[in-house]
Amino acid sequence: MVKFLGSSRTPAAFLHGDIRNTVGNVPMEWYQDYPHIGYDLEGKKIFKPIRNKDELDEFLDKMENPDYWRTVHDKMTSTDIRLTDEQISLVHRLQSGQFGDVNFNEYEPYIDFFSGETMIHPVTNRPQDKRSFIPSLIEKEKVSKMVHAIKMGWIKPRKPKESDLQFYDLWAKEDPNAILGRHKMHVPAPKMKLPGHEESYNPPPEYLLTEEERLAWEQQDPEDRKLSFLPQKFSCLRSVPAYSRFIHERFERCLDLYLCPRQRKMRVNVDPEDLIPKLPKPRDLQPFPTIQSLIYRGHSSLVRCISLSPSGQWLASGSDDCTVRLWEVSTGRCMKTVEVGGAVRSIVWNPNPAICLVAVCFNETVVLLNPYLADKLVYNATDQLIASYVEPEEERPQPVQWQVPEIEDSDKGFRLIITHPKSVKQVTWHSKGDYLASVLSDNSNMQVLIHQVSKRRSQNPFRKNKGLVQCVSFHPIRPYFFVASQRCVRVYNLIKQELMKKLMANCKWISSMAIHPGGDNVICGSYDSRLSWFDLDLSTKPYKVLRHHKKALRGVAFHKNYPLFASGSDDGSVIVCHGMVYNDLLQNPLIVPVKVLKGHTLTHNLGVLDVAFHPTQPWVFSSGADATIRLFT
Amino acid sequence: MGGQQQKKYERGSATNYITRNKARKKLSLSLADFRRLCILKGIYPHEPKHKKKVNKGSTAPRTFYLLKDIRFLLHEPIVGKFREYKIFVRKLRKAYGKGEWAGVQRLRENKPSYKLDHVVKERYPTFIDAIRDMDDALSMCFLFSTFARTGKCHVQTIQLCRRLCVEWMNYVIASRSLRKVFLSIKGIYYQADVLGQLVTWLVPYQFAHNHPTDVDYRVMATFTEFYTTLLGFINFRLYHSINLAYPPKCVVSPHFYSQKLSALSATLSRVISAPEDEDAELDHFPAEGEDAEALQVREKQQKGLDAQKRLFEGLKFFLSREVPREPLAFVIRCFGGQVSWDQSLCMGSTYNATDETITHQVVDRPNVDKKYINRYYVQPQWVFDCVNGKMLLPVEDYFPGVTLPPHLSPFMEEKDGDYVPPEKLKLMALQRGEKPGEIKFEEEEEGDEANADEDYDDDEEEMDNKEVRDEKSLKMIEKQRSQERAVSVMVTPGKVKAENKMRLEYEEKAEEKHLAIMMMKKKEKYLYDKIMFGKRRTVREANKLAAKRKAHDETLKANKKKKGKKD
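Chains as they are written, first to last, in full-length UniProt numbering: chain F, 1 to 633; chain W, 1 to 567.
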């Protein structure tokens with residue numbers, strides 16, 4: 001800590017008691033807690049002077065002492081030193097940037113030894129080198145190298161500087177035929193879209209965005225915006241500012257030009273009216289049902305099935321309220337209500353006009369019902385026909401049970417009861433009226449059964465189960481049998497006992513099927529709202545798939561005499577189409593939708609459940625989930 | 001039997017395309033150089049028709065170039081120049097590192113450079129092709145010419161762009177080929193008809209640019225490099241096509257290009273002094289039937305065009321100092337007007353504000369201190385609207401301090417069904433020669449009488465309806481109206497029946513159409529639905545605009561009435 005400074009003090013000063021501190025350049029705080037503040041030249045402690053000047057003393061000193069301004073506190077010795085006049089003048093000189101020494105002259109004349117002037121006598125007396133008199137070897141070497149390089153053609157003369165831009169008539173000899181093959185594949189960049197009224201600096205007021213539109217615009221992703229800018233209105237040209245995205249947009253255009261893949265797209269420029277097919281006018285295809293004329297009310301729950309008597313005078317309907325109702329078509333009067341033991345799934349009137357019999361199916365049973373709604377001769381003959389059954393000699397095992405009903409049931413009109421092992425979902429008559437087919441909701445091989453009423457015999461025609469059977473139907477003329485499973489319709493020849501055709505319906509789940517009275521065309525309705533028309537002579541694929549309905553189709557029907565067919569759907573509408581089948585095999589059937597009939601209200605998301613045509617008139621009946629049956633004429 | 005088994009993706013579209021990376025490797029170029037090359041040569045990716053096939057079964061997103069394009073690049077001399085440049089940069093860096101300043105100097109002198117003449121010729125084999133593709137080139141050059149020396153691009157580029165732009169503008173003035181001008185919020189759109197091709201370009205307003213950081217100026221500079229070459233050649237040919245010397249001879253001062261205006265007020269020297277009226281008259285051929293009609297239409301158009309070209313002829317304009325000088329001077333000179341400005345403002349002024357022969361003074365401030373009686377004071381929009389309207393519009397709407405009528409885009413051509421702003425209808429009426437006074441008269445009347453007012457409103461509504469709806473529905477509406485009136489006056493059952501018949505017929509037709517639509521094929525149905533959706537959307541938008549306008553007008557009227565009551 002103690003350091004001796006090389007002092008140049010005279011011994012005289014030394015003797016006079018020099019109290020210079022020898023601690024050196026150290027912070028004096030280190031001595032704060034000691035009584036001394038350092039050591040003198042002899043190594044003795046220098047003690048702090050006994051005084052403590054506080055702020056007040058300082059202030060008084062400042063006010064009273066005339067020499068205060070020239071007093072400096074020496075920290076090393078902790079003494080106040082009064083500066084002499086010499087010292088003060090030194091300080092002043094240094095502050096003003098002058099030399100400390102008063103006597104120093106900074107502007108003494110300059111003696112220029114090495115000047116540009118040639119003098120008689122050299123500045124130095126050194127003799128000149130020899131090398132300054134002889135040519136340089138190194139330079140010679142370099143030059144000879146260059147000469148050699150020039151001779152060898154390694155160094156070429158500098159090319160004349162081309163003036164950077166020289167424009168001339170580039171297309172002077174343009175030849176339109178000299179177009180490169182590459183240009184055939186060239187897709188010119190589309191031009192920038194020309195600005196509309198909204199881009200104007202002063203647009204008509206309707207092009208300015210309202211507050212909500214502006215907010216919506218701001219919240220949209222910049223890529224989704226229809227306008228890339230906010231339309232603005234300025235009162236004068238002077239107040240139009242710079243467009244902040246100008247460079248951006250130019251740059252984006254550049255990127256589009258060289259990075260964006262291009263493809264030639266043919267713009268379709270068609271008149272939409274030309275796309276609509278030219279169909280014959282519905283007016284020319286009359287008759288077909290056009291308006292709703294009667295509503296048959298009486299059922300309390302959804303009416304699942306309806307059927308017309310062969311004469312067209314009576315209508316039978318089966319409903320989920322476990323009743324079968326028989327109506328007079330022309331008046332809408334309910335003639336009879338028959339209670340059955342379950343929700344009626346299917347009801348079919350015997351197509352033979354000589355027999356008055358209705359097949360009703362509910363739960364596991366199919367009931368043959370005599371409604372007594374015909375000529376008395378006819379229904380008595382029917383009763384007799386059923387009663388005339390003679391038991392065969394040998395009893396054959398049957399898949400179902402044939403029963404003659406009890407007396408109370410026979411009072412209701414039940415004539416025969418066929419009890420199946422599983423619940424039955426559909427029955428259908430053969431056109432002769434003797435055979436009856438029923439569909440069981442079962443997954444085993446016994447899904448379809450064919451019954452012969454006159455002999456009270458039943459048989460299971462299929463050995464194997466090929467998918468869940470949805471519905472079946474007899475061919476109106478030939479011994480063919482149609483079985484619709486979920487996705488296809490199989491056509492069997494009953495005599496040859498073989499599969500004839502498999503019609504692929506192109507849909508997910510078939511719901512209903514109808515055979516054209518000619519027998520060569522089939523329509524299938526499906527739950528995925530399609531109707532497929534098959535021409536059996538043409539192909540196993542649908543001739544046409546109609547997607548007219550918005551929701552699942554529930555029922556389809558053909559008219560017996562007129563070229564009409566109808567489809568009912570969950571959207572509550574019945575669509576009647578003109579389906580003309582020509583005798584000429586070369587001409588394809590003509591299908592024209594002629595009328596959309598609406599009337600049923602939707603209940604539980606169900607609309608029309610079944611449709612049926614009148615056998616002689618161009619009338620269509622529809623039963624709906626709103627517990628009504630409607631007649632459209 | 002048999003033969004070799006066909007391998008997949010070795011024939012057909014898979015071999016016609018090449019991915020970007022493969023192309024780059026084939027050319028052995030870095031990505032940056034490849035991009036530069038693509039920009040200069042105008043090569044762009046193609047979207048193949050069957051992307052999966054081209055992508056060899058993969059669905060990864062890739063950009064494809066045509067293999068032919070890439071092969072074509074293989075023989076490009078510019079590629080060699082790129083390599084030379086790369087070597088040059090390397091040598092230069094080395095020389096710098098070693099401090100060989102002489103070497104640096106030498107290298108600098110031999111800096112490799114390339115020319116794009118052959119590229120221009122290749123990309124545009126005919127002159128018309130080049131003109132067709134001028135839009136982007138012009139817009140870009142005009143943008144670059146407004147850049148300041150901020151180091152975003154070379155000063156030489158800026159100067160060159162400026163020079164080319166001025167040359168182009170001078171050509172447009174000399175050939176009087178400007179057709180449309182549009183003041184948008186982005187800048188000023190100009191459209192010129194050059195050799196039968198419409199060329200549109202956009203010039204930003206004169207402000208210092210706020211240079212964005214997310215823009216790659218190198219890409220823009222590469223584009224500009226090509227565009228300047230293209231524009232130079234086009235200008236050369238265009239100047240020669242109208243007998244002008246190129247480069248223009250009126251280069252008097254070194255400030256010529258920086259002060260574009262000095263050039264805009266001076267005429268250019270011609271190679272061969274041509275007679276003033278150079279438009280050769282069309283020869284008349286006897287034509288029959290439709291040809292004659294078409295000829296008449298064409299003649300009429302030609303007459304209109306000639307009239308438009310001489311729109312400002314004989315008019316003397318003076319631009320006051322707050323008005324954008326350059327666009328106005330350009331437009332006025334394009335249509336044959338004389339133009340000048342204050343001498344203290346910019347060089348090139350030819351006469352003073354005190355000139356008594358000045359007919360129009362363009363002013364953009366609310367009031368003018370010292371007015372001369374024998375001239376019109378108009379706002380700048382008047383000049384542009386006149387050009388777009390192809391006629392001198394009445395100046396009253398454009399006096400200083402007056403609320404300006406909306407400035408409409410001349411590029412919009414409304415088809416039927418689109419919304420047409422009422423101002424455009426007014427303009428069209430003016431063009432047809434109908435007097436605007438009648439309309440004014442009606443408006444005045446409207447203010448006086450309340451009843452008349454309402455009637456007038458009704459009429460207006462009907463007018464609107466006419467635009468928006470098609471004729472049939474309009475008829476229906478009219479019939480309904482007449483029916484209502486008939487019912488209120490007297491009971492005539494016969495008439496009602498007739499009405500129903502109409503309606504029934506209409507309904508029947510609608511149903512027929514609906515049924516026919518049901519029978520459409522899936523593909524056609526899709527197309528039909530798409531078209532109808534688009535149509536419905538345009539109608540909806542037009543209706544929306546019309547409704548907005550109506551609401552706006554009504555509020556205006558209500559305000560007017562309120563004010564009137566207060567007074």
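Some hints could be false.
Simulated crosslink set (BS3-like; lysine-lysine; CA at most 27 Å straight-line) [stated by the list, open to error]:
| no. | chain 1 | residue 1 | chain 2 | residue 2 |
| --- | --- | --- | --- | --- |
| 1 | W | LYS501 | F | LYS191 |
| 2 | F | LYS233 | W | LYS563 |
| 3 | F | LYS184 | W | LYS68 |
| 4 | F | LYS598 | W | LYS509 |
| 5 | W | LYS49 | F | LYS233 |
| 6 | W | LYS522 | F | LYS191 |
| 7 | F | LYS598 | W | LYS26 |
| 8 | W | LYS68 | W | LYS115 |
| 9 | W | LYS81 | W | LYS25 |
| 10 | W | LYS26 | W | LYS98 |
| 11 | F | LYS544 | W | LYS521 |
| 12 | W | LYS81 | F | LYS278 |
Derived contacts from chain F toward chain W, CB cut-off under 10 Å, selection only [stated by the list, open to error]:
| no. | residue |
| --- | --- |
| 13 | ALA172 |
| 14 | GLU174 |
| 15 | PRO241 |
| 16 | HIS548 |
| 17 | ALA552 |
| 18 | GLY599 |
| 19 | THR601 |
| 20 | LEU602 |
Because the hints were derived from the structure by calculation, they are not lab data. Built from N, CA and C at the ideal position, the CB exists for glycine as well.
Hint by hint, here is what the structure shows:
Restraint check for LYS501 (chain W) and LYS191 (chain F): not satisfied, since their Cα atoms lie roughly 52 Å apart, outside the 27 Å limit. The suggested pairing of LYS233 (chain F) with LYS563 (chain W) holds, with an alpha-carbon distance near 24 Å, which does not exceed 27 Å. A distance of roughly 11 Å separates the Cα atoms of LYS184 (chain F) and LYS68 (chain W); the hinted pair therefore holds under the 27 Å criterion. For the proposed pair LYS598 (chain F) and LYS509 (chain W), the alpha carbon gap of about 18 Å is at most 27 Å, so the pair holds.
Proximity of LYS49 (chain W) to LYS233 (chain F) is assessed by CA-CA distance (about 45 Å); at most 27 Å being required, the pair is judged violated. Taking the CA atoms of LYS522 (chain W) and LYS191 (chain F), the gap is near 34 Å; set against the 27 Å cutoff, the hint is violated. Taken as a hint, the LYS598 (chain F) and LYS26 (chain W) pair is broken in the structure, with Cα atoms around 69 Å apart against an allowance of 27 Å. With a C-alpha separation of about 23 Å, the suggested pairing of LYS68 (chain W) with LYS115 (chain W) holds against the 27 Å cut-off.
At most 27 Å may separate the alpha-carbon atoms for a hinted pair to count; LYS81 (chain W) and LYS25 (chain W) meet this at roughly 18 Å. A C-alpha spacing of about 36 Å is found between LYS26 (chain W) and LYS98 (chain W), which places the hinted pair above 27 Å, so the restraint is violated. Restraint check: the Cα-Cα separation between LYS544 (chain F) and LYS521 (chain W) comes to about 10 Å, which is no more than 27 Å; the hinted pair holds. A C-alpha spacing of about 65 Å is found between LYS81 (chain W) and LYS278 (chain F), which places the hinted pair above 27 Å, so the restraint is violated.
Interface hint at ALA172 (chain F): satisfied, since its Cβ lies 9 Å from the closest Cβ of chain W, which is below the 10 Å cut-off. Hint status for GLU174 (chain F): holds, given a least beta-carbon distance of 5 Å to chain W, under 10 Å. Taking 10 Å as the C-beta contact cut-off toward chain W, the hint placing PRO241 (chain F) at the interface holds, the least distance being around 7 Å. Nearest Cβ of chain W to the Cβ of HIS548 (chain F): about 5 Å, under the 10 Å cut. The hint holds.
Hint status for ALA552 (chain F): violated, given a least beta-carbon distance of 17 Å to chain W, over 10 Å. Annotation: GLY599 (chain F) was flagged as interfacial toward chain W, and the flag is violated, the nearest CB pair being 16 Å apart, outside 10 Å. Look at THR601 (chain F): its Cβ only gets to about 21 Å from chain W, farther than 10 Å, so that hint breaks. For LEU602 (chain F), the interface hint is violated, since its Cβ never comes within 10 Å of a Cβ in chain W; the closest pair sits about 20 Å apart.
Of the numbered hints listed earlier, those contradicted by the structure are 1, 5, 6, 7, 10, 12, 17, 18, 19, 20.
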